Amino acid sequence: KAGVTQTPRYLIKTRGQQVTLSCSPISGHRSVSWYQQTPGQGLQFLFEYFSETQRNKGNFPGRFSGRQFSNSRSEMNVSTLELGDSALYLCASSKERGHEQYFGPGTRLTVT
Amino acid sequence: KQEVTQIPAALSVPEGENLVLNCSFTDSAIYNLQWFRQDPGKGLTSLLLIQSSQREQTSGRLNASLDKSSGRSTLYIAASQPGDSATYLCAVSYGGATNKLIFGTGTLLAVQP
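Top line first, the protein sequences correspond to chains X and R. Start counting the first sequence at 1; every next residue gets the next number (my numbering). Start counting the second sequence at 1; every next residue gets the next number (my numbering).
Among the hints, erroneous ones may be present.
As the list claims (entries may be wrong) - In silico DSS-like pairs for lysine-lysine, Cα to Cα no more than 25 Å straight-line:
no.: 1; chain 1: R; residue 1: Lys-42; chain 2: X; residue 2: Lys-57
no.: 2; chain 1: R; residue 1: Lys-1; chain 2: R; residue 2: Lys-68
no.: 3; chain 1: R; residue 1: Lys-42; chain 2: X; residue 2: Lys-95
no.: 4; chain 1: X; residue 1: Lys-57; chain 2: R; residue 2: Lys-1
no.: 5; chain 1: X; residue 1: Lys-95; chain 2: X; residue 2: Lys-57
no.: 6; chain 1: X; residue 1: Lys-13; chain 2: R; residue 2: Lys-42
Stated by the list, open to error - Across the chosen pairs, the derived CB separations fall in these ranges:
no.: 7; chain 1: X; residue 1: Asn-59; chain 2: R; residue 2: Tyr-31; range: 17 to 23 Å
no.: 8; chain 1: R; residue 1: Ser-53; chain 2: X; residue 2: Thr-110; range: 38 to 44 Å
no.: 9; chain 1: R; residue 1: Thr-45; chain 2: X; residue 2: Thr-20; range: 24 to 30 Å
no.: 10; chain 1: X; residue 1: Thr-112; chain 2: R; residue 2: Gly-41; range: 17 to 23 Å
Derived by calculation from the structure, the hints in this document are not laboratory data. All figures in this text were calculated on a predicted structure; none of them were measured in a lab. Ideal Cβ placement from N, Cα and C applies to all residues, glycine included.
Go ahead and model the full structure; you've got the sequences and the hints to work with.
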């Protein structure tokens, strides 16, 4: 069974640009969540999606948004990029909410 | 504020040693707790999930315990191997069936051959 996949794996953007990251969950998993990992702040929760609805949102500015499609695939978007947005963005999926979560390899975003 | 703390931040042990990693959480009303390992530059690998109604879970050489009343969980690794070297993270969820995890800062484990 294929794991969680994330594309692209690496991304370099300039301040002010916007970026879209994609996450494909494990087949049969309906819940997708996103996390940001930085050396200074560690792992921080961004969003949780289930049945195409955002169920939870972390303490991030409105520049961070996401969505989930009917096939459970999810995307997150960051607009007006700032240097501080440089991070590893991780996506996780689970069969249902509250179940064991499985993480993808992450997208490494560098903002210059 | 719901916080998760992991002590020690780093640990170095010789191969073959049994070891314990600690995780503390400030709010005992957890829904579940999950242990992960992360290799450098990689995503997280799930190790064990403990529901709030459980006291422990075992998988191979790993055993995780949960004591909600004291706000603590421990991950026991038996007969450590160099391949166990990684950062170990615990994460807690609150408030029912949710995938919002609050992560600890991790313990960097080095197992010396």
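Hint-by-hint comparison with the structure:
| no. | hint | in the structure |
| --- | --- | --- |
| 1 | R:Lys-42 with X:Lys-57 | 24 Å, holds |
| 2 | R:Lys-1 with R:Lys-68 | 17 Å, holds |
| 3 | R:Lys-42 with X:Lys-95 | 22 Å, holds |
| 4 | X:Lys-57 with R:Lys-1 | 16 Å, holds |
| 5 | X:Lys-95 with X:Lys-57 | 19 Å, holds |
| 6 | X:Lys-13 with R:Lys-42 | 21 Å, holds |
| 7 | X:Asn-59 with R:Tyr-31: 17 to 23 Å | 19 Å, holds |
| 8 | R:Ser-53 with X:Thr-110: 38 to 44 Å | 43 Å, holds |
| 9 | R:Thr-45 with X:Thr-20: 24 to 30 Å | 26 Å, holds |
| 10 | X:Thr-112 with R:Gly-41: 17 to 23 Å | 19 Å, holds |
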